[in-house]
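Assemble chain B onto chain A, guided by the hints.
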Amino acid sequence: MTKYCLTVGLVVAVLAGSVTVHSTYAQAADSKPALTVADQAQKAISAAEVQVEKAREAIAAGKELIAQIPEDSPLMPDVAQVVEAASANWKIAIDSLKGAKESSSKVATAKNPSIASDYALLAKVNAGVALSGAEVVQIAITYVEAVQSNKAESLDVIRTALQDALASSSQVQFNYERVKKLIAEKYSK
Amino acid sequence: MNKIYKNILGLVCLSGLVVMSASAVDQAAAAGDLAEISALSVMAKANLSQAALGGDVDAIAEAVKRSDAVDASVNQAMQSYADIVVALRNGDEDAAQSAADAIRASLEKAMDALNGVIPEQVADAVNQWKDSKANTAGGPGQPYDPPNMYDVPWNSQQMRAFYQSQFGNFWNAGLDPSDNEATPE
Chain A
17 MTKYCLTVGL
27 VVAVLAGSVT
37 VHSTYAQAAD
47 SKPALTVADQ
57 AQKAISAAEV
67 QVEKAREAIA
77 AGKELIAQIP
87 EDSPLMPDVA
97 QVVEAASANW
107 KIAIDSLKGA
117 KESSSKVATA
127 KNPSIASDYA
137 LLAKVNAGVA
147 LSGAEVVQIA
157 ITYVEAVQSN
167 KAESLDVIRT
177 ALQDALASSS
187 QVQFNYERVK
197 KLIAEKYSK
Chain B
7 MNKIYKNILG
17 LVCLSGLVVM
27 SASAVDQAAA
37 AGDLAEISAL
47 SVMAKANLSQ
57 AALGGDVDAI
67 AEAVKRSDAV
77 DASVNQAMQS
87 YADIVVALRN
97 GDEDAAQSAA
107 DAIRASLEKA
117 MDALNGVIPE
127 QVADAVNQWK
137 DSKANTAGGP
147 GQPYDPPNMY
157 DVPWNSQQMR
167 AFYQSQFGNF
177 WNAGLDPSDN
187 EATPE
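Protein chains in written order, with the working numbering: chain A, 17 to 205; chain B, 7 to 191.
In isolation and in its complexed conformation, chain A is listed as follows (with noise of 0.2 Å):
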C-alpha cells in the first residue's frame, strides 16, 4: 500500500514537474526573454508617462489654438465639447498614472510573491487607462488644431476616431474595474 502510494506521488510530482519545466522550454523558445509582470508594469508605466507628457504639451498647445478660432465660428459648440472630453480624460489619466505608481511601489514590499504579482498587474493596467485617457485628450486637440487651421475635410475622420477612442478608453477602464473586483474577490475569500 506504501509503495502504491509512494508511486501515486512521485507521478503527481513528475507530472507537475513536467508542466513546469514544458513553460520554462517555452519561455526560452521565444526570441525574446519574457518579461515579468513587474517588468511590464514598469514598462506600461513609462509609456503612460510618455503620453501624458505628450497630452501635456499638446493642452498647452490647445490653449493657444483655442484663442485663434474666432467666437462666432459654427464649430464652436463642437470645440467646447471636445475639450469637455480632453478635460475628462485628462483628469482620468493623471489619477491613473498616480495609482499605476502608488501599485508599483508596493510590489517590491508585498508580503508574499502572489499579493505582489497582484500589485503589479493593477499597475499594469491602470497604466493603461492613463495611456488611453492622455491619448484621448491628444485626440482632442488634433481636432482644435484642425478647426483652427480650417482642416474642414479632416474633421469627420477625427471626431469618429475621438468617439471610437472615447469608447475604447471607457473600455480600459471598465476592464481595470473588472481587475480590481477580481482580485479584491481573491482575497475576501
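Source of the hints: derived by calculation from the structure; they are not laboratory data. All residues carry an ideal CB built from backbone N, CA and C; glycine is no exception. Among the hints, erroneous ones may be present.
Not close to chain B: a few residues of chain A, all C-beta gaps over 12 Å, as computed [unchecked claim]:
1) Glu65
2) Ile82
3) Asp94
4) Ala96
5) Val99
6) Thr125
7) Ala126
8) Asp134
9) Ala146
10) Glu151
11) Glu161
12) Ser186
In the EDC-like style, the derived pairs of lysine to aspartate or glutamate whose C-alpha atoms are separated by at most 16 Å in a straight line are [stated by the list, open to error]:
13) A:Lys196 x B:Asp32
14) B:Lys71 x B:Asp118
15) A:Lys59 x A:Glu118
16) A:Lys202 x B:Asp32
17) A:Lys79 x A:Glu100
18) B:Lys71 x A:Asp180
19) A:Lys197 x B:Asp32
20) A:Lys167 x B:Asp62
Label pairs and their in silico Cβ distance ranges [unchecked claim]:
21) A:Lys205 x B:Asp62: 50 to 58 Å
22) A:Glu73 x B:Ala111: 18 to 26 Å
23) A:Ser121 x B:Ala65: 16 to 24 Å
24) B:Val63 x A:Asp88: 42 to 50 Å
25) B:Asp107 x A:Ile82: 15 to 23 Å
Showing chain B alone in chain A's frame:
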C-alpha cells in the same frame, strides 16, 4: 519507515498540487490583457487622427486599415473573455485555458496590426465585413437605411398589454376622456 513514506508522499502531493494550481487560468490577468488590447485600439485611433490632420490620403487609408484590424482583435478578445467566464462557471479548466491563450494571441495580433503587420486573410475579413454593412439604399436589415415610417413600434404584444393596462387604470379611476375640456376656454 511507514511514517517517513507517508510524510514524503504528503510533501510530494502537496508540492504537485501547488504547481498544478499555479497553472490555473487567472481571470484577472485575462481581463488585464483585454484592457491592454483596448488601449491599443485607442492608440490606433490617435494614429488615425494624426494621419487625418496630415491630409495624406494613403496614410489615412493605412491608418484606417490598421485601426480596423486592431478592432477586429478587440472583438475576438472580448468573445474569448466571455468564453473564459462560461468555461470557469462550468468548471472546464481546459476550455478556460484555451480561451485565455486566444486572448494572448489576439493581443499579439493587435500589436502587430498597430505596427502594420496585418495578415491578408484578416484584411480580407475586415473588408468583407465592411462590404456586408454597406448601405444598400433601403435593403432590408442593413444599417443606415432610412427609417420606415409605416412601421408601428408599439404594435407588439408587450406594448399592447402595457397600453391596455394603462387604459384599465384610467377606466378604474372613474374618468372619461370627455370629462376634460378640449381647450382651456
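How the hints compare with the structure:
Distance check on A:Glu65: its Cβ is at least 14 Å (rounded) from any Cβ of chain B, clearing the 12 Å threshold; non-interface status holds. Once the 12 Å rule is applied to beta carbons, A:Ile82 is consistent with being away from chain B; the minimum gap is 16 Å. Annotated as non-interface, A:Asp94 keeps its C-beta farther than 12 Å from every C-beta of chain B; the closest such distance is 14 Å. In this structure A:Ala96 is separated from chain B by more than 12 Å, as the shortest Cβ-Cβ distance comes to about 19 Å.
No beta-carbon of chain B comes within 12 Å of the beta-carbon of A:Val99; the shortest separation is about 15 Å. With a least beta-carbon separation of about 20 Å from chain B, A:Thr125 lies farther than 12 Å from that chain, consistent with its non-interface assignment. No Cβ of chain B approaches the Cβ of A:Ala126 within 12 Å, the least distance being about 15 Å, so the stated non-interface status holds. A:Asp134, annotated as away from the interface, has a beta carbon of chain B within 12 Å; the closest lies near 7 Å.
For A:Ala146, the shortest C-beta to C-beta distance to chain B comes to about 9 Å, within the 12 Å cut-off, and the non-interface label is violated. At roughly 4 Å from the closest C-beta of chain B, the C-beta of A:Glu151 falls inside 12 Å, breaking its exclusion from the interface. At roughly 6 Å, the least C-beta separation between A:Glu161 and chain B is not larger than 12 Å, which violates its mark as non-interface. Listed as a non-interface residue, A:Ser186 fails to keep its Cβ farther than 12 Å from every Cβ of chain B; the least gap is roughly 9 Å.
Taken as a hint, the A:Lys196 and B:Asp32 pair is honoured in the structure, with Cα atoms around 13 Å apart against an allowance of 16 Å. As the CA atoms of B:Lys71 and B:Asp118 are separated by approximately 12 Å, the hinted pair is consistent with the 16 Å bound. Taking the CA atoms of A:Lys59 and A:Glu118, the gap is near 15 Å; set against the 16 Å cutoff, the hint holds. At roughly 11 Å between alpha-carbon atoms, A:Lys202 and B:Asp32 fall within 16 Å of each other, so this suggested pair holds.
A hinted pair counts as satisfied when its Cα atoms are at most 16 Å apart, and A:Lys79 with A:Glu100 qualifies at roughly 13 Å. With a CA separation close to 15 Å, the supplied pair B:Lys71 and A:Asp180 stays within the 16 Å bound. About 13 Å separates the Cα atoms of A:Lys197 and B:Asp32, which keeps this hinted pair within 16 Å; it holds. Between A:Lys167 and B:Asp62 the CA atoms are separated by roughly 12 Å; this keeps the pair inside 16 Å, and the hint holds.
Range check, A:Lys205 to B:Asp62: Cβ separation about 55 Å, and the 50 to 58 Å hint holds. Between A:Glu73 and B:Ala111 the CB atoms are about 36 Å apart, so this pair departs from the stated range of 18 to 26 Å. Separated by about 41 Å at the C-beta atoms, A:Ser121 and B:Ala65 break the suggested range of 16 to 24 Å. Distance hint for B:Val63 and A:Asp88: a CB-CB separation of about 31 Å, inconsistent with the stated range 42 to 50 Å.
Roughly 48 Å separates the CB atoms of B:Asp107 and A:Ile82, a value that falls outside the hinted 15 to 23 Å.
In this structure, the earlier hints numbered 8, 9, 10, 11, 12, 22, 23, 24, 25 are contradicted, and the remaining ones agree with it.
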